[in-house]
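Chain residues, written in single-letter form:
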Amino acid sequence: MRLRTFPGGVHPHDEKHYSASSPITLAPLPAKVTIHVSQHIGSPSSPVVAVGDEVKTGQLIAEASGFVSLNQHASISGKVTAIDRFPHPCGTSSLAIQITGDGEDKWVELADEADYMNLSANEMKSRIAAAGICGMGGAGFPTNVKLSPPEDKPIDTVILNGVECEPFLTSDYRLMMEHADEIISGLKLIMKTVNARQGIIGIEANKPDAIALMEKKLKGEANLEVVGLKLRYPQGAEKQLIYAATRRKVPAGGLPMAVGVVVQNVGTAFAVYEAIRYRKPLIDRIISITGEGIKKPSNLKARIGTAFSELVEFCGGASMEIGKLISGGPMMGFALPSLDASMGKGSSGLLLFGKKAARLLDEKSCLRCARCVDVCPMNLLPSLIASAVKYKDLDKAVEAGLNDCMKCGSCSYVCPAQIRLVQWIDTGKIRYAEAQRAKK
Amino acid sequence: MKDKYIVSSAPHVHDKTTIPMVMWNVVIALIPALVFAVYYWGLRALVLTLLGAISAVVTEAAIQKLRKVPVSVSDGSAFLTGLLLAYNIHAGAPLWLPIAGSVFAIAIGKQVFGGLGTNPVNPALLGRAFLLASWPTLMTAGWVKPRTGTLSGISNVDDIALNLQSVSPKAYELVTGATPLKVVQSLRDSSFVASINSSATEGVDIANRIFTNITEMNSLKNLFWGNIGGCIGEVSAFALLLGAAYLLYKNIIEWRIPLFYVGTVFVLSFLFGPIKGSGYSMMLPFFHIFSGGLMLGAFFMATDYTTTPLTKNGRIVFAIGCGLLTMVIRLVGGYPEGVSYSILFMNVMTPLIDKFTVPKAFGRIKK
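Residue numbers (my numbering), protein chains in the order written: chain A, 131 to 570; chain B, 14 to 380.
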């Protein structure tokens, strides 16, 4: 197979060996879950339960509050014990609904639609919306919204993102190895919702068995194919994946639908399949608990809202003194101050780093070596944007491409002077947003 | 839970390459050239080189102490500057010459501007320009023959004309007493050609025979291995290419600048290199890329991070500019060699080149 890729990018050690061979294990039912009303891009969901209410597993507890919003469901059965601010997997704290379990896991009634493949597109989309599915690769954009492009933007291609270019993470890989059929059904369903004629599953070359398995399963499917991709970060970024797989360039500031493409994570496809066939809401997902600091690196199927501390405990606890805790991947994930937060719909991994791996490096002065320029997948000059932000010249930063940056972090990764390029750029983005708000 | 973890913004992993690793790797890549220099000229080449490198380190440390900033000589950048400066001096130079050059290179070429990353031009080349302006005779006269060959690389002068020494003492003096580029420069000078021999046609004939000989395989071999007269670190194209391959493999230098620099010299020397009466020859471009300081310049000086463009297209413009200026100086200028001045000139152009070569972001429409 000829491997495809995109221009720029970096090649960090993939570190998948910790958890790649560990099959998906069912995490024990948590005693308590904390479900945030903001686990997605868009307006926060509005709670429809009150403290003291009894809820069943899969019951709606907060509903979408606008077009770009999301339903949230109870992930265990029990009693609502608090609606308050709780630590969020992104490191902040925000409004969440806490359910204390009754240990029985009593479910709402599910279905098993025999003819699920032949439902109307609208019915499929409404089931996806009802199930509260958002992008499970991390960004968390509500899936039904992504699958409802305007009339003038026809979609011809659906790409499933099985790239998993972030080092360490193996949750998508394990899902592909163990639930290939469901993912393929999910892909076909997604294609039906947008009336696309071709489906592509993009997988990086460090998962040859996943590529082989998917190829075998897709044999004889004329409009479905597996695209093998060279190992390179950030290949899982939407625009980079689209370019690598189809050579189409999404215009700056535009969405994939501008080039007739919809990208969905493989985990999302799995959730879509479950939602359409069984009307099952998104109440659990696969999460990799990995890194040098965990005793038993694992891929867990865990309920949304389970505290990270419980997951770590289930994996045998820490194997060394922990210096850093990362929610998500090491390139774009969030460092957490403690294990108190609980997992959300976008939680693909939890990484435990030792003290040495966690230490911060001193910033030196820029050599102008241009490594950041050479790796930037958006073709920007990161060192110029970063220094413009540093010297408070926002106009210059914007002119140099501040808003084109997608914060993949490749520049900071390669900088031999350890300059926090993407961090400066991010600071610039925040200052720019503040300035825009002040103008209004 | 009372655990306190480090909270910082992503990315949480980092490539292993650091500034000291980059600098010391370049130093490693320059060692083969030094080995060849010591083979040709003995330990004096080593002593001159070490004097240059050590005085650069001492100067940097002293100035950083005066400036009350952290002493950062362990990053290797000053050592590298001193090394490159010494490589631009020939083995017959007095021992104080590399010291004077290194002190100037570090003090005026680098620290005055604020140190690493801030200097507008290559400090080592600025040091060389300073020496050339201050002590021109010490820099350009007194070349020492390599142990096993001649200054010009022409091994058997009598191949040119039977008993050349008696036929034309002036031509004999040229082919035995000058570096290859100086020989070629003299042959391009019509008043020199006229003075070779009392008969005008005979003079042109001898000039052409010298020109043909110096671009022939036998002479090119000497040029390639460095068995010629020249500066300590620049003579052996082979040794420099070995080091360059290491740097390319290690991803420390990037291919654009060397490729377009050497490529420009190659093409221009083929088109404009022949002298009156000699035809086009595929040997001539090889003569030009292997002679003088081109290999050292293209792979080790024009690839200096700080003084070259950030943008990818800018690097190409920079390299073509270097090649163009090098050939203008070699073919029509007053100096036999133009690598260092061409790089210095393009260093100064770098901010302008960067300004006009800003790339379009991915997905942006070209205006």
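Hints should not be assumed to be uniformly reliable.
BS3-like, lysine-lysine: derived pairs with alpha carbons at most 25 Å apart [as the list claims (entries may be wrong)]:
#1 B:K325 x A:K520
#2 A:K360 x B:K263
#3 B:K368 x A:K426
#4 A:K537 x B:K289
Derived from the structure by calculation, the hints contain no laboratory data.
Status of the hints after comparison with the structure:
| no. | hint | in the structure |
| --- | --- | --- |
| 1 | B:K325 x A:K520 | holds, 24 Å |
| 2 | A:K360 x B:K263 | holds, 20 Å |
| 3 | B:K368 x A:K426 | violated, 53 Å |
| 4 | A:K537 x B:K289 | violated, 60 Å |
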